[in-house]
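Participant: If you read the sequences in order, they're chains A and B.
Take 1 as the starting number for the first sequence in this note's numbering and just add one per residue.
Take 1 as the starting number for the second sequence in this note's numbering and just add one per residue.
The set of hints was computed from the structure by calculation and includes no laboratory data.
Treat the hints loosely; a few may be bogus.
Distance ranges between label pairs, derived from CB positions [what the hints assert, rightly or not]:
| # | chain 1 | residue 1 | chain 2 | residue 2 | range |
| --- | --- | --- | --- | --- | --- |
| 1 | A | Arg91 | B | Tyr89 | 33 to 41 angstroms |
| 2 | B | Gly83 | A | Glu121 | 43 to 51 angstroms |
| 3 | B | Asn52 | A | Phe232 | 45 to 53 angstroms |
Which bits of chain A does chain B cover? Going by a derived footprint, with three or more residues having C-beta under 8 angstroms, they are [claimed, not checked]:
| # | region |
| --- | --- |
| 4 | 193–200 |
| 5 | 218–231 |
Positions of the beta carbon are idealized from the N, C-alpha and C atoms, including for glycine.
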Amino acid sequence: MQVTLKILRFDPGKNAKPEWHTYQVEAEPTDRVLDLLHKVKWEQDGTLAFRRSCGHGICGSDAMLINGRNRLACKTLVKDLGSVITVEPIRGLPVEKDLVVDMEPFFAAYRAVKPYLINEEPPPARERLQSPEERERYDQGTKCILCASCTTSCPVFWVNGTYLGPAAIVQAHRFLFDSRDRGKRERFKALGSASGVWRCRTAYNCTEACPREIPVTQLIEEVKRAILFDRF
Amino acid sequence: MAIRSKRYAEARLEASSNLELYWWVFMRISGVVLVFLLIGHMWMNAVLTDLNSINYDYVAKRLSQTTWKVYDWLILALALLHGGNGLRYVLDDWVRNPARRFWTKVVVYSLLAFLFFLGSLSLFNHDFGVN
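Model the full assembly from the supplied sequences, consistent with the hints where possible.
Facilitator: And the structure:
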């Protein structure tokens, strides 16, 4: 089938503003959007810039705004979109070129919640044991691939740029609800600040955007509860 | 704990303050309290009495009693704080330019303070002419 692929392109050396470029691509209904981007880059215009690594929905490199929704280009099939497909860079982060954005603000928020196990107690002789139920408690958060689909779909994140964003809060949730972790007070400093969880207005964009089907908004609410019950 | 922040933005992210938590809790509690205060207000002025019979004398008689002064002042204070904080959320979410956001807040907060001042003044300092 013939697909009209519209890409919002931006070359900082040439353009002042991003502009739409349209490409005609021959595609199978079972092709992924990533395959279409490859066809454009390899056969029509080699200057097209986008990120991709594994191509199988695990590395989290190719999150894009496809037909108005944040999705992974490698997990989105042409047959689910139709014959006209629009592709834009994810929003709220500075565009470097075409579909490549500067991820540094996203990772700064990720670092702020200290996404690693904090436990100063001396480790037991073998390992810190955990029951299957305790492991299950934070299972949703472990699915995150840091693709930024959720954070860049969040209207609060778009505006002032100081909000930690859903992804960082999901990562915090993964450690806050880990029975082996002792670092909640350190994480609450970032999470409870004016740029933390209280900026969430439960718009649910993040939950809809997540390609890993994590119930993001629910996890954010659980972190709010954890902070509330820690204080009162 | 060692200081790990290297830049101002990082320090802000790590800054410890429970203020936003307290505002969040206040919004929930004041919301519930306001519902009952306002239902009570409507009940007394629109159901128990005929709305059309309310005139200056009726209001002056009520507002010269301390109970109703406090009741109405609670509605005034909670509504302005609850609404004002809600408005702050909206401005934080929607006004993108930091300078414009700052000045919008200055105007809004001044207006709220003026309404609070005016309301309190007429509740507690006005002579309703009732003994």
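Participant: Confirm or reject each hint.
Facilitator: Evaluation of the provided hints:
The supplied range of 33 to 41 angstroms is broken by A/Arg91 and B/Tyr89, whose beta-carbon atoms lie about 21 angstroms from each other. Roughly 47 angstroms separates the CB atoms of B/Gly83 and A/Glu121, a value that falls within the hinted 43 to 51 angstroms. Checked against the given bound of 45 to 53 angstroms, the beta carbons of B/Asn52 and A/Phe232, roughly 47 angstroms apart, stay inside it. Note: the region 193–200 of chain A has 6 residues with beta-carbon separation from chain B under 8 angstroms; the three-residue rule is met and the coverage holds.
Check on the region 218–231 of chain A: 4 of its residues sit with their Cβ under 8 angstroms from a Cβ of chain B, so the three-residue criterion for coverage holds.
Going through the hint list in order, the structure does not satisfy hint 1, though it satisfies all others.
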